[in-house]
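According to the working numbering, the sequence shown is numbered sequentially starting from 33.
Among these hints, one or two may not hold up.
As the list claims (entries may be wrong) - With a straight-line Cα cutoff of 30 Å, these simulated DSSO-like cross-link-like pairs (lysine-lysine) come out:
1) K326 - K352
2) K60 - K262
3) K378 - K183
4) K183 - K279
5) K334 - K303
Unchecked claim - DEER-style ranges, computed between Cβ atoms:
6) E160 - N104: 41 to 49 Å
7) V301 - N244: 42 to 50 Å
8) V240 - P287: 19 to 27 Å
9) W419 - V200: 44 to 52 Å
Because the hints were derived from the structure by calculation, they are not lab data.
Each residue gets a CB set at the ideal place from its N, CA and C atoms; glycine is no exception.
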Amino acid sequence: MCKLSNSLTFYCFLFFVGFCTHVFAQPKTDLTAPFAFENGDRVLFVGNSLIENDVQFGYLELALTTRWPNRNLTFRNIGWSGDNVFGDARSYVTTPPTPYELLMQQITEAKPTVVFVAYGGIEAQEGEEGLPRFKQGLNQLIDKIDQLGAKTILISPIPLLLSPSENVSQKNSALETYGSVIEQIAKARNKRFINVFKPILEVSKQSVITENGVHLNATGYYHLATILEKELGYSARNEGITLEISKNLVASSIPTELLSSTKESISFVVKEPYFPLPAPQEDGKTIMVDNGRKLSIKGLKKGFYTLTSENELIAVASAKQWEEGVVIRQGPAFVQAEELKKNIVKKEELFFYQYRPLNQTYILGFRSYEQGRHKKGLEEQNYLITWLEAQIATANQPKPVTYQLTLLK
33 MCKLSNSLTF YCFLFFVGFC THVFAQPKTD LTAPFAFENG DRVLFVGNSL
83 IENDVQFGYL ELALTTRWPN RNLTFRNIGW SGDNVFGDAR SYVTTPPTPY
133 ELLMQQITEA KPTVVFVAYG GIEAQEGEEG LPRFKQGLNQ LIDKIDQLGA
183 KTILISPIPL LLSPSENVSQ KNSALETYGS VIEQIAKARN KRFINVFKPI
233 LEVSKQSVIT ENGVHLNATG YYHLATILEK ELGYSARNEG ITLEISKNLV
283 ASSIPTELLS STKESISFVV KEPYFPLPAP QEDGKTIMVD NGRKLSIKGL
333 KKGFYTLTSE NELIAVASAK QWEEGVVIRQ GPAFVQAEEL KKNIVKKEEL
383 FFYQYRPLNQ TYILGFRSYE QGRHKKGLEE QNYLITWLEA QIATANQPKP
433 VTYQLTLLK
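Use the sequences and the hints to build the structure in full.
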């Protein structure tokens with residue numbers, strides 16, 4: 033067989049490389065389009081306390097699962113307070129595995145198809161000197177997610193909301209720097225990036241959204257969920273509905289059907305596409321948030337009208353107020369949403385204590401010879417988790433609600 037010349041071999045090599053690049057290169061994701069979940073997606077949240085603490089409130093999962101009620105989404109939260117991209121906070125587990133190996137193991141076992149990654153808050157304490165190691169660790173983490181065939185969505189750190197001081201300003205500057213680095217990596221690797229730093233800072237000017245200036249409270253997670261929705265390209269949940277009874281017209285993208293109408297009463301059905309997010313509770317009190325839907329009804333005769341559904345009073349207002357619009361913050365959809373949120377929190381808490389039991393060293397670690405028999409009990413929690421997931425899947429879409437508006441006499 034004759035041998036190819038060196039130059040011909042070289043050009044053939046270049047042709048082969050170019051051919052492979054053209055054929056096998058994956059098309060870039062359009063990051064400007066709203067993010068769409070696929071049927072059966074397994075969504076994983078990984079990061080530090082920003083992720084872990086939502087286990088108490090369930091707002092992140094609630095927001096996403098109700099946006100896509102027919103996509104059969106499942107969620108896992110493996111956030112860990114104080115954690116960084118190398119999983120160092122997971123070091124209470126005696127080697128093997130190492131903390132980093134444990135992080136990789138937990139990500140792999142979750143079998144994710146979409147991963148929300150929220151790191152940088154702890155690493156920012158190392159300032160400029162820590163950036164090279166952070167970049168390395170974040171890229172390695174993304175490599176792992178890519179190997180699993182999952183999509184990565186990167187989230188910036190949130191600001192410190194402590195009393196103003198030079199020290200706090202320096203720390204927030206470092207947090208912003210790390211957020212910028214995350215954004216640069218996202219652009220370089222064609223990953224979606226969500227900057228929550230500035231939106232959280234703006235919200236904090238209007239409401240108390242942290243427990244201690246560092247960790248978000250229920251109100252903070254409500255707002256974090258709405259920020260994620262907006263940054264993922266989703267429309268607001270509280271678009272208004274306008275009914276004009278004289279012309280039998282409905283002005284709204286929310287499916288609404290007039291059943292009957294006079295100048296003294298009106299009956300209509302609203303088919304909500306997704307639930308409102310329930311208002312957060314702080315110390316037993318409901319916090320006022322913008323989660324209501326404005327209902328405007330034109331053409332009523334003078335007087336006061338009651339709005340009811342399923343024989344439950346929802347609102348009372350004058351004809352003039354109804355024409356201007358009354359914000360509805362209660363009713364069947366809100367009740368259903370709150371029940372759904374409770375099931376999500378139950379499920380997340382069950383999984384939390386399953387994947388990281390307090391006495392893990394004795395059940396799964398090097399001292400499992402003492403309490404290893406309890407491992408089966410942890411595994412059996414899967415039945416309860418699966419049952420709760422089924423309950424969530426069947427209750428994450430609102431049922432049509434019939435309303436009656438009646439003149440008070």
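Hints and how they fare:
1. K326 - K352: Roughly 14 Å between the alpha carbons, so the hint for K326 and K352 holds.
2. K60 - K262: holds, 22 Å
3. K378 - K183: holds, 27 Å
4. K183 - K279: violated, 48 Å
5. K334 - K303: holds, 28 Å
6. E160 - N104: 41 to 49 Å: holds, 45 Å
7. V301 - N244: 42 to 50 Å: holds, 46 Å
8. V240 - P287: 19 to 27 Å: violated, 37 Å
9. W419 - V200: 44 to 52 Å: Since the Cβ atoms of W419 and V200 sit about 45 Å apart, the hinted range of 44 to 52 Å holds.
Checked against the numbered hints listed earlier, the structure breaks hints 4, 8; every other hint is satisfied.
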